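Asker: Quick mapping for you: the protein sequence lines, in order, are chains A and B.
Residues in the first sequence are numbered from 783 upward in steps of one, following our numbering.
Residues in the second sequence are numbered from 783 upward in steps of one, following our numbering.
FYI, nobody ran anything at the bench for these hints, they're computed from the structure.
Everything numeric in this text was worked out from a predicted model, so none of it was measured.
Just so you know, not all the hints are guaranteed correct.
It does not matter which identical chain is meant; a pair holds if it fits inside one copy or across any two.
[As the list claims (entries may be wrong)] Quick list of in silico lysine to aspartate or glutamate cross-link-like pairs, DMTMM-like style, CA-CA up to 25 Å:
1) 793 x 949
2) 793 x 945
3) 909 x 949
4) 909 x 1042
5) 909 x 897
6) 1079 x 1093
7) 909 x 786
8) 989 x 975
9) 989 x 897
10) 989 x 796
What follows is each chain in one-letter form.
There are 2 protein chains.
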Amino acid sequence: MNIEMIRAAQKRLEGHARRTPLLSSPFLDEVAGRRLFLKAENLQHTGSFKFRGGWSALSALDDAQRKAGVIAFSSGNHAQGVALAARAHGSTAVIVMPSNAPQTKIDATRALGAEVVLYDRATEDRKAIRQALAAERGLTLIEPFDNAQVIAGQGTTGLEIADQARDAGITSAEVLVCCGGGGFTSGIALALEAEAPDMRVRPVEPKNFDDVARSLRSGQREINAAMSGSICDAIISPQPGEITFPILQRLCGPGIIVTDDECLHAMAYAFARLKLVLEPGGAAALAGALFRSDEIKGEAVICTASGGNVDAPMFQRALSEYGDQI
Amino acid sequence: MNIEMIRAAQKRLEGHARRTPLLSSPFLDEVAGRRLFLKAENLQHTGSFKFRGGWSALSALDDAQRKAGVIAFSSGNHAQGVALAARAHGSTAVIVMPSNAPQTKIDATRALGAEVVLYDRATEDRKAIRQALAAERGLTLIEPFDNAQVIAGQGTTGLEIADQARDAGITSAEVLVCCGGGGFTSGIALALEAEAPDMRVRPVEPKNFDDVARSLRSGQREINAAMSGSICDAIISPQPGEITFPILQRLCGPGIIVTDDECLHAMAYAFARLKLVLEPGGAAALAGALFRSDEIKGEAVICTASGGNVDAPMFQRALSEYGDQI
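If we strip away everything but chain A, and leave its shape as in the complex, we get:
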């Protein structure tokens, strides 16, 4: 896993993935106490950065693999990214999703042409389901983060951040990334190591699901006690990946922890000040920049907005609770 793979993925993604804008607002600068920039990956195709990894992986397969089809497991964003990338490559996708994933994500994955297989997160073993399906049909597994081509795709976001920040006169900053298994975080960190070495990547996780922050402290891959109990479904993973953790360890940290309520509050800020729809997990980095400014150093902070696939009732909840505190 290296910067050349990210550069190669960028070439394969050109003209297919969106170059999402790097946005800012004087109102958010004031709350954050420094210049704040937001990389709006909620505006990526399928509403999250996951399309980059999906496209990168599908475009790296050989013809026989594409013809046989792919399989992925995901609560929704990786699902949609792989589904659309598979359709665009003339392949087919089977997506294994937890039955309690947001309805909007399940519906959109089906509408993008994928076959969705639901399972009960509490009682069923997704790994067994997946392996049976993969073996039975000869499907290629597209891992959500522990896959070099997926990480390479997510890393293209980092190449864009370096470029766009430079255009805005910023070469030194902390870069806050919404972090689940670490594919997005490690990809961005590798890209910035090469293109903007004065930037430091900080993984941001929801309270009680801080496996990456704890792993960075202990030096080994820690496991979360639970896999549900946060509204940040997009960035809940059991533990850092085998491929991602060494990269996170070498380049990232320390981790930043935010609460679900802070994510809802950040969603309301993004609504009012940036005119963007973020999902709770996609607002974690912005929440870190706004509400953990004492843990951040320097005059500029760049946050990723990893996704915007949120059901209407959850968005209404953010506006009801925080619409008058923005």
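Position chain B against the provided structure of chain A, taking the given hints into account.
Answerer: Using the frame of chain A, we list chain B on its own:
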């Protein structure tokens, strides 16, 4: 008023105004029955295209005028655009606003450093207020649409649309523009006449405030019967402008009329499918593309999203009423 003024404005805006993205979604294509693109001017600085006109006008003043300051009247979007442009040019702005404008717009205008003067739309004459203030303090009036430099600034949106559509393989399309006094519409029409002559501009207005559509039919500047009674506050003007109407007559039409409910429904679609926050008036063109497809010709439609400055309760209303019909 000509294309050269728009090109000159584009040079003055470079590095200051955002080049907003042209977005699309396969889900919206399906509803519209053709390829649909949306120019996301809600992501412009201050949350609407009005920043372009404000910057264009301020940057065209001489030093003495900038030092004396400017005055504008606006329900909110022009207000914020002029306020931020004035502050960035080291000038000062007095903004005359109706007291029933959305609170978010009044607050943001003040926060951007402008002096806000409120008046009662029903009982007070804004023209008299404005003229008294302008005369007393030697302020330069920045008209919201009947001002050549303002139109030139808004027209830069059209130059970008032509470029971005060409990159997407589109040279022929109907271009739907949210239309109040016609500054945005006429500026875009002039730009496209020069850069994309196979595109036709269609003004979109709210029901009962269709002065432009009626004027295009009758050949003279018709007046709206009322100035309130629609949630589309951003695009309610008494009649087409003196400068804008001849341009609209030569290049645009016929007009498209949408209801307030259709604008709310379009806001819910933009939320779910594009992850964008639109205000009711800013969603009018999208509503036209989605719900008036029988009045539109050709295989592609491009709609402008003119702004996203909406209070939380109005956005929640859109999601409550239409969140399950998207």
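Asker: If a hint holds in the structure, say so; if it doesn't, say that too.
Answerer: So, going through the hints one by one against the coordinates:
1. Proximity of residue 793 and residue 949 under a CA criterion of 25 Å is satisfied in both settings, with 21 Å inside one chain copy and 17 Å between copies.
2. Both within a single protomer and between protomers do residue 793 and residue 945 lie at most 25 Å apart by alpha-carbon distance, with minima of 15 Å and 22 Å respectively.
3. In the homo-oligomer, the alpha carbons of residue 909 and residue 949 never lie at most 25 Å apart, since the shortest distance is 44 Å inside one protomer and 42 Å across protomers.
4. In the homo-oligomer, the alpha carbons of residue 909 and residue 1042 never lie at most 25 Å apart, since the shortest distance is 28 Å inside one protomer and 49 Å across protomers.
5. Proximity of residue 909 to residue 897 under the C-alpha cut-off of 25 Å is restricted to the intra-copy arrangement: shortest distance 17 Å within a copy versus 62 Å between copies.
6. Taking CA atoms no more than 25 Å apart as the test, residue 1079 paired with residue 1093 passes in neither setting, with 34 Å inside one copy and 33 Å between copies.
7. In the homo-oligomer, the alpha carbons of residue 909 and residue 786 never lie at most 25 Å apart, since the shortest distance is 31 Å inside one protomer and 63 Å across protomers.
8. With identical chains, the CA atoms of residue 989 and residue 975 are never at most 25 Å apart, being 28 Å at best within one copy and 55 Å at best between copies.
9. Taking the shortest alpha-carbon separations for residue 989 and residue 897, neither the intra-copy value of 33 Å nor the inter-copy value of 43 Å comes in at or below 25 Å.
10. Proximity of residue 989 and residue 796 under a CA criterion of 25 Å is satisfied in neither setting, with 36 Å inside one chain copy and 42 Å between copies.
In terms of the numbered hints stated before, the structure departs from hints 3, 4, 6, 7, 8, 9 and 10, listed from lowest to highest.
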